[in-house]
Amino acid sequence: MNSSAQAAQQDRIESGADLLRRAVAGDRDALASIVDAHHSDMLRVSFVVCGDRETAREAVQSAWLRAATRLGSIHDHARLRAWLCSVAANEARMALRRRRPTLPIEALDGHPAEARALSVDLIDLAIALNGLTPADRELLALRYVAGFSSPELADHARMTPAGVRSRLKRLLDRLRKELDR
Amino acid sequence: MTDRSPTPDPFEEALAASLARYAAEAGGAGDAYTIADAMLDARRKRRYRIGLAAISGVLATAVVAGIAIGALAEPPPQVGPGPSESLAPSEPAPSATATQSPSTEPTSEALPGVEAPEACGFPDGTALSYAGRSTTSALDVQEVVGDPMSDDPADIYVTWDRIDWGGWGRVRLVCAIFVEPAGFVEVTVHPKDGGRATAPPEPSLPVPSCEPVPTPNQGLGDEPYEVTVAELWEADQCGDSLSEFGNSDLVLTAYLSGGFILDPCYSREPAWLTTCANGFFLQTPESRSGDDVGIQPPLVMAVLHPEVGALEDLQDDIYPGGEPALLRVTAHFDDPAAVECRFVDPDWRGPGPSPSPDDAIDECRNTLVVTVIEPIER
Numbered sequence: 020m021n022s023s024a025q026a027a028q029q030d031r032i033e034s035g036a037d038l039l040r041r042a043v044a045g046d047r048d049a050l051a052s053i054v055d056a057h058h059s060d061m062l063r064v065s066f067v068v069c070g071d072r073e074t075a076r077e078a079v080q081s082a083w084l085r086a087a088t089r090l091g092s093i094h095d096h097a098r099l100r101a102w103l104c105s106v107a108a109n110e111a112r113m114a115l116r117r118r119r120p121t122l123p124i125e126a127l128d129g130h131p132a133e134a135r136a137l138s139v140d141l142i143d144l145a146i147a148l149n150g151l152t153p154a155d156r157e158l159l160a161l162r163y164v165a166g167f168s169s170p171e172l173a174d175h176a177r178m179t180p181a182g183v184r185s186r187l188k189r190l191l192d193r194l195r196k197e198l199d200r
Numbered sequence: 219m220t221d222r223s224p225t226p227d228p229f230e231e232a233l234a235a236s237l238a239r240y241a242a243e244a245g246g247a248g249d250a251y252t253i254a255d256a257m258l259d260a261r262r263k264r265r266y267r268i269g270l271a272a273i274s275g276v277l278a279t280a281v282v283a284g285i286a287i288g289a290l291a292e293p294p295p296q297v298g299p300g301p302s303e304s305l306a307p308s309e310p311a312p313s314a315t316a317t318q319s320p321s322t323e324p325t326s327e328a329l330p331g332v333e334a335p336e337a338c339g340f341p342d343g344t345a346l347s348y349a350g351r352s353t354t355s356a357l358d359v360q361e362v363v364g365d366p367m368s369d370d371p372a373d374i375y376v377t378w379d380r381i382d383w384g385g386w387g388r389v390r391l392v393c394a395i396f397v398e399p400a401g402f403v404e405v406t407v408h409p410k411d412g413g414r415a416t417a418p419p420e421p422s423l424p425v426p427s428c429e430p431v432p433t434p435n436q437g438l439g440d441e442p443y444e445v446t447v448a449e450l451w452e453a454d455q456c457g458d459s460l461s462e463f464g465n466s467d468l469v470l471t472a473y474l475s476g477g478f479i480l481d482p483c484y485s486r487e488p489a490w491l492t493t494c495a496n497g498f499f500l501q502t503p504e505s506r507s508g509d510d511v512g513i514q515p516p517l518v519m520a521v522l523h524p525e526v527g528a529l530e531d532l533q534d535d536i537y538p539g540g541e542p543a544l545l546r547v548t549a550h551f552d553d554p555a556a557v558e559c560r561f562v563d564p565d566w567r568g569p570g571p572s573p574s575p576d577d578a579i580d581e582c583r584n585t586l587v588v589t590v591i592e593p594i595e596r
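So the protein sequences, as listed, match chains A and B.
For our numbering, count along the first sequence from 1 and bump the result up by 19.
For our numbering, count along the second sequence from 1 and bump the result up by 218.
The hints are simulated quantities; they were obtained by calculation from the structure and are not laboratory data.
Please read these numbers as outputs of a predicted model, since none were measured by experiment.
Ideal Cβ placement from N, Cα and C applies to all residues, glycine included.
Hints should not be assumed to be uniformly reliable.
Some chain A residues flagged as far from chain B (calculated, every beta-carbon gap over 10 Å) [unchecked claim]:
| no. | residue |
| --- | --- |
| 1 | 35 |
| 2 | 38 |
| 3 | 88 |
Output of the computed footprint for chain B on chain A, the stretches with three or more beta carbons under 8 Å from beta carbons of chain B [stated by the list, open to error]:
| no. | region |
| --- | --- |
| 4 | 65–74 |
| 5 | 155–166 |
| 6 | 185–197 |
Use the sequences and the hints to build the structure in full.
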């Protein structure tokens, strides 16, 4: 890495850390910047976990309110995105639990009404996702939507990285079967 | 940020792309300033709550002190610094589940006369044990109210109650009291809807490493192979039961935890190979004492081969005098009957599409079939 690239990277690190510091201190602009940077990712992760736009939005709203009082516990700003996505995924899973009675599971009608609004090639995926547990969808969302590494997933799921890889492999095998039908 | 394998799996890549497009259906960004204002508002309310909580915080601290005094009389399982010791936020917090062993679980060591802080929401008179200082991120708690990833140290109290799980055993209820630098004590509890119940802790348990191990299928011969419940559990967790053990006769020492029925259960033929209707758990000798038992890993699900008889007929061997006996068990995977396995329920009530015929065979092949049960302890 040349010196200008190093300097640019250093600037980014400092600006990220500074932004977090200011947000923790209650700076509205800094908080808004953090929301702006991460809200979409959190929403996408939540949507994959719960399969429903409205529930996903509510989950992310709850996640931000949780984050409001806990931002100060993030000592490394580089962890912020992963932390926020984790909180959003957790909120989505809890929102699903609260959503009772559960929707009947029947092909298209059973998947969140959103399925009917999806483009055709995503409908099969939506149905396959609906056949997984919320915890499995959470794992997929954090891996493939939020881009978590195995150690980050392991940290989130309280598993070993090897265990996470094994569980992911089983999930992929299952989805491969479902989607190949 | 991802750590993809060196040889990309085309299906995985296509799935990742599809998931990204699917996730994008969630919609666009929210109004950042509206959310920021809501966050600031939440903080202001929290400060107000902190003010109101000052008195109750003192009371809770008094309870903590009471527990510490109780601890001097009868030390509870200690998994971290005590409540009166400081733990720098940056210091790696000990996991409440990392060093406890099943034999030292707090079930029988709840501090006499110490009741859970009222704010924990436990039933009146609930005895609890101090389980050490940890963080919620280090706890094996799935439904924590608050921040599940918090690095803030908290004093953790655990108690046990027989709720929701019927006769399966005791479950853990957790109350975490955060100790913040300013001294404010915040109580975090699980929801009141029963979600407080978490799986019993997995202390000192082998975390599946999924490392290859020498097994009968790897040249150790056809003699009965001595295994432990922990090894079987690890192989199952890693999806390696068949590849590691094939159909070799396996011999193990275990306790049997009575039959159970899972709902929904998708019955298979032959019926005796249906674990969710006719199955039981084999547990490690260490995982139970008397009948005060938790169903906790390492354990393995198994069924009885019809030639052994029905579970009800073996009660005198399994529970002589009503007490569980340690058993010598011979069992195997990949029973010959597995190739004929098929699902027979007319309608699938579980999540997702009904399992395929191949799934039925696969599940049966991975089912541990017990062929011999001999009590070795009376």
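Legend entry - Closest CB of chain B to the CB of residue 35(A) still more than 10 Å away: Non-interface label on residue 35(A) holds, nearest chain B Cβ at 15 Å vs cutoff 10 Å.
Inset, instruction - Tell me if chain B covers the region 185–197 of chain A under the three-residue, 8 Å CB rule, please? - result: The restraint on the region 185–197 of chain A holds, since 8 of its residues have a Cβ under 8 Å from chain B and three suffice.
Inset, instruction - Would you check whether the claim that residue 88(A) is not at the interface survives, using Cβ distances to chain B and the 10 Å cut-off? - result: violated (5 Å)
Inset, instruction - Over 10 Å to the closest beta carbon of chain B is the bar; see if residue 38(A) clears it. - result: The assertion about residue 38(A) holds, with a minimum of 12 Å to chain B.
Legend entry - chain B over the region 155–166 of chain A, status - at least 3 residues with CB closer than 8 Å: Since three or more residues must qualify, the claim that chain B covers the region 155–166 of chain A holds, with 6 doing so at under 8 Å.
Legend entry - Outcome, coverage hint (the region 65–74 of chain A, chain B; C-beta under 8 Å; three residues): Answer holds; 4 residues pass the 8 Å Cβ test.
Hint compliance for this structure: hint 3 is the single one not met.
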